[in-house]
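> Please arrange chain W on chain R, whose structure you already have, making use of the hints.
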Amino acid sequence: MINTSYHIIKLDEIDDRNEMFRIKESGDLQNLIVSIRKAGLLTPLYVYRKENQKYRQVTGFKRLAALKKLVITHVPVFIVKDDLTEIELFEIALLENLSVQQFRPSEISIIIKKLHDFGQNREDIIKKYLPLLGFGRNPKVYDLYKDLYKLEKHWLEALDGDRISIDLAFLLVNADKSDRHAFWTVVDSLRAGKNNQREFWFLCRDIIKMENTSLKNLLESPDTEQILNNPVLTFAQKTERFKNLLWEKRYPRYMKVKQEYNTVLKSAKLPPGLNILHAPFFEGDSYNVHFEFKSEQEFIQKIQLLQSVSDKGILKVLLELV
Amino acid sequence: MNSPGQTWKFYPRRIIVEDTVRKTEMSRRIKDRFPEIQVEHVDDANVIIEQATNQDKEIWRNTLLLARQRGPFLRLCPGTQKHICCLYHNLDVVAGCNLDCSYCILQGYINNPLITVYCNHEDMYTELDRTLKSHPDRFYRIGSGELSDSLTFDYFLGLGADLVNYFSDKKNAIIELKTKNIHIEGLLGLEHNRRAVISWSVNAEALTKSEEALTPDIESRLGAAAEIQKAGYWLGFHFDPMIYYENWQEGYRETVDKIFSVIKPENIAWISLGALRYPPVLDKVIRENHPETDIVLGELLPGRDKKLRYFKSIRIQMFEQMYSWIKGYSPDVCVYLCMESKEIWKRAFKWSPSNSTELKKLLDERVK
Numbered sequence: 001m002i003n004t005s006y007h008i009i010k011l012d013e014i015d016d017r018n019e020m021f022r023i024k025e026s027g028d029l030q031n032l033i034v035s036i037r038k039a040g041l042l043t044p045l046y047v048y049r050k051e052n053q054k055y056r057q058v059t060g061f062k063r064l065a066a067l068k069k070l071v072i073t074h075v076p077v078f079i080v081k082d083d084l085t086e087i088e089l090f091e092i093a094l095l096e097n098l099s100v101q102q103f104r105p106s107e108i109s110i111i112i113k114k115l116h117d118f119g120q121n122r123e124d125i126i127k128k129y130l131p132l133l134g135f136g137r138n139p140k141v142y143d144l145y146k147d148l149y150k151l152e153k154h155w156l157e158a159l160d161g162d163r164i165s166i167d168l169a170f171l172l173v174n175a176d177k178s179d180r181h182a183f184w185t186v187v188d189s190l191r192a193g194k195n196n197q198r199e200f201w202f203l204c205r206d207i208i209k210m211e212n213t214s215l216k217n218l219l220e221s222p223d224t225e226q227i228l229n230n231p232v233l234t235f236a237q238k239t240e241r242f243k244n245l246l247w248e249k250r251y252p253r254y255m256k257v258k259q260e261y262n263t264v265l266k267s268a269k270l271p272p273g274l275n276i277l278h279a280p281f282f283e284g285d286s287y288n289v290h291f292e293f294k295s296e297q298e299f300i301q302k303i304q305l306l307q308s309v310s311d312k313g314i315l316k317v318l319l320e321l322v
Numbered sequence: 001m002n003s004p005g006q007t008w009k010f011y012p013r014r015i016i017v018e019d020t021v022r023k024t025e026m027s028r029r030i031k032d033r034f035p036e037i038q039v040e041h042v043d044d045a046n047v048i049i050e051q052a053t054n055q056d057k058e059i060w061r062n063t064l065l066l067a068r069q070r071g072p073f074l075r076l077c078p079g080t081q082k083h084i085c086c087l088y089h090n091l092d093v094v095a096g097c098n099l100d101c102s103y104c105i106l107q108g109y110i111n112n113p114l115i116t117v118y119c120n121h122e123d124m125y126t127e128l129d130r131t132l133k134s135h136p137d138r139f140y141r142i143g144s145g146e147l148s149d150s151l152t153f154d155y156f157l158g159l160g161a162d163l164v165n166y167f168s169d170k171k172n173a174i175i176e177l178k179t180k181n182i183h184i185e186g187l188l189g190l191e192h193n194r195r196a197v198i199s200w201s202v203n204a205e206a207l208t209k210s211e212e213a214l215t216p217d218i219e220s221r222l223g224a225a226a227e228i229q230k231a232g233y234w235l236g237f238h239f240d241p242m243i244y245y246e247n248w249q250e251g252y253r254e255t256v257d258k259i260f261s262v263i264k265p266e267n268i269a270w271i272s273l274g275a276l277r278y279p280p281v282l283d284k285v286i287r288e289n290h291p292e293t294d295i296v297l298g299e300l301l302p303g304r305d306k307k308l309r310y311f312k313s314i315r316i317q318m319f320e321q322m323y324s325w326i327k328g329y330s331p332d333v334c335v336y337l338c339m340e341s342k343e344i345w346k347r348a349f350k351w352s353p354s355n356s357t358e359l360k361k362l363l364d365e366r367v368k
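Protein chains in written order, with this note's numbering: chain R, 1 to 322; chain W, 1 to 368.
In isolation and in its complexed conformation, chain R is listed as follows:
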């Protein structure tokens, strides 16, 4: 148990510039203001005092901001009496926040950073604090989260809003700022889902190495801009074309054969519901025919069409492409 005493103190006795133990941004205050106006402050703040200085907050940063908006002059507080260390005070902040809601990824990263600031090492954090945050004692989790707070605000908002994956955030934080900026344009203008984002990132990473260029140059090239800024295309169409462009650069031989295959097959003018499919990535020497029919007449018609693909020599060309 922490040794505290309950008091009502003046708001201006609190040093509101000191945010050493802040974990969360205050965010939208409106609901809290309504609540305080109606029922008063239900949960007192935790504060402590060093010598004759002003009180410093351990918890309740959002509550204090709301009280100020309401121009309230006095506030109920628990004054931490023990001569607690900074890490012990931070644990109070951590536990109080945990009791209210789960932490978002950016907040977990800030917590890890603050734990380091308060003298905890990697091992301590993995063993003692990751379980507290709902993780196993897994060094990989630590590595994944520890630097995320360094990302720009828009990336952190996307991460906390579950619009980008934690894996991608990890990759981004280790990338150049200019590359991150260029990649944001893609993510934002395509409204790409997490799987596509990840695929784009990995393809771009390899292409820039293969072409000895930068991500910025790649993503601001005329080819890319033509797709991203095309006013006629839908987001889905843009995404598909952009992906295709990256695949052509990353896997040129495969994509060339695939395009030739599609061109030759197109010349056969097969109707919907009838298709000749190559093995994935052309691995293996067998092909599949996808065949749909609703009547005997349609069945015969499609068999004849397939026969004509062979008669016209189209099948032979397909089989010899690779």
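Honestly, the hints are just simulated from the structure, not real lab data. No residue lacks a Cβ here, since even glycine has one placed at the ideal position from N, Cα and C. Keep in mind that the hints are not guaranteed to be accurate.
Facing chain R, according to a computed beta carbon distance under 7 Å, are these residues of chain W, among others [to be verified]:
no., residue
1, 297
2, 298
3, 305
4, 306
5, 311
Then chain W, alone, in the frame of chain R:
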């Protein structure tokens, strides 16, 4: 690191011995070889393996762990689904390697930096005896180069000589010692009766420099191979993994030329070809362990066994070319593909074994 004249000798920083093997001959041999190192003892090697897996790899680098093999020593090579395999047997007597090749598949299999030597060799020979005697009509090609390089630690293990001696009187088995290193001293002067194939993994010289940085260069390897030829052994060469790069034709052609300039074709048991391939999970590991390598930038796509492989036309082109160069030196040299489909065999070699059993038979006949 890669220059002629180096000795490429591994020197252990620590030696940890599991109690159950402290009195074995191999354990004694290793301790005698490094009297200056204070040997540590543990009850259970798995505790060390677990620590080495979870802690910073640097702490455990160059640590020799002498342990008991708990499972079988002999294991049929798992091969790969839907491909023709040679039905080889692996002898798991050492796990781990010091050569640090960028493409090494062990990075995915073994997630600790220890060099583990399984020292309960009495169990190993008992198991080999039992297997070979219980199937006298079956021929076994056995190799110790799957979880390690067969000879890279041999200057202090002497295991190569032990195995050559053991197999020298076996009628239905042959041992293949597969290496990139040059520690062959222990093999010279043995009565091997051609029951051993000493094989070198080889590559284009440019790739040995960029991807096999801690290994001896091709000329040093072939110098060792020439000594082995003089000692009357069968020789093998494995172009595996072949890596596609800008000047691959000149690079690989040069290595083929160098082999045939010092090795007589009739002494070559086999030459295998295999293109770079690895499970998708290894991609990340290679990039992390070898950020400088370009091999991951190849046109590698998932194959039928889900492993990443070069696009089919690239593999066919490389194998076809190599086959013609090798056969140009000698039509009788046995060349085979490692883990490829019948289709690729046919396209590259213009023939194919009908299945894995037929390939096994072909290779067995070569050295029986």
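> Evaluate each hint against the coordinates.
For each hint, the structure was consulted:
1. 297: holds, 5 Å
2. 298: violated, 10 Å
3. 305: violated, 9 Å
4. 306: For residue 306 of chain W, the interface hint is violated, since the closest Cβ of chain R sits about 10 Å away, which is over 7 Å.
5. 311: Residue 311 of chain W check passes; min Cβ-Cβ to chain R is 5 Å, inside 7 Å.
Against the hints set out earlier in the document, violations occur for numbers 2, 3, 4.
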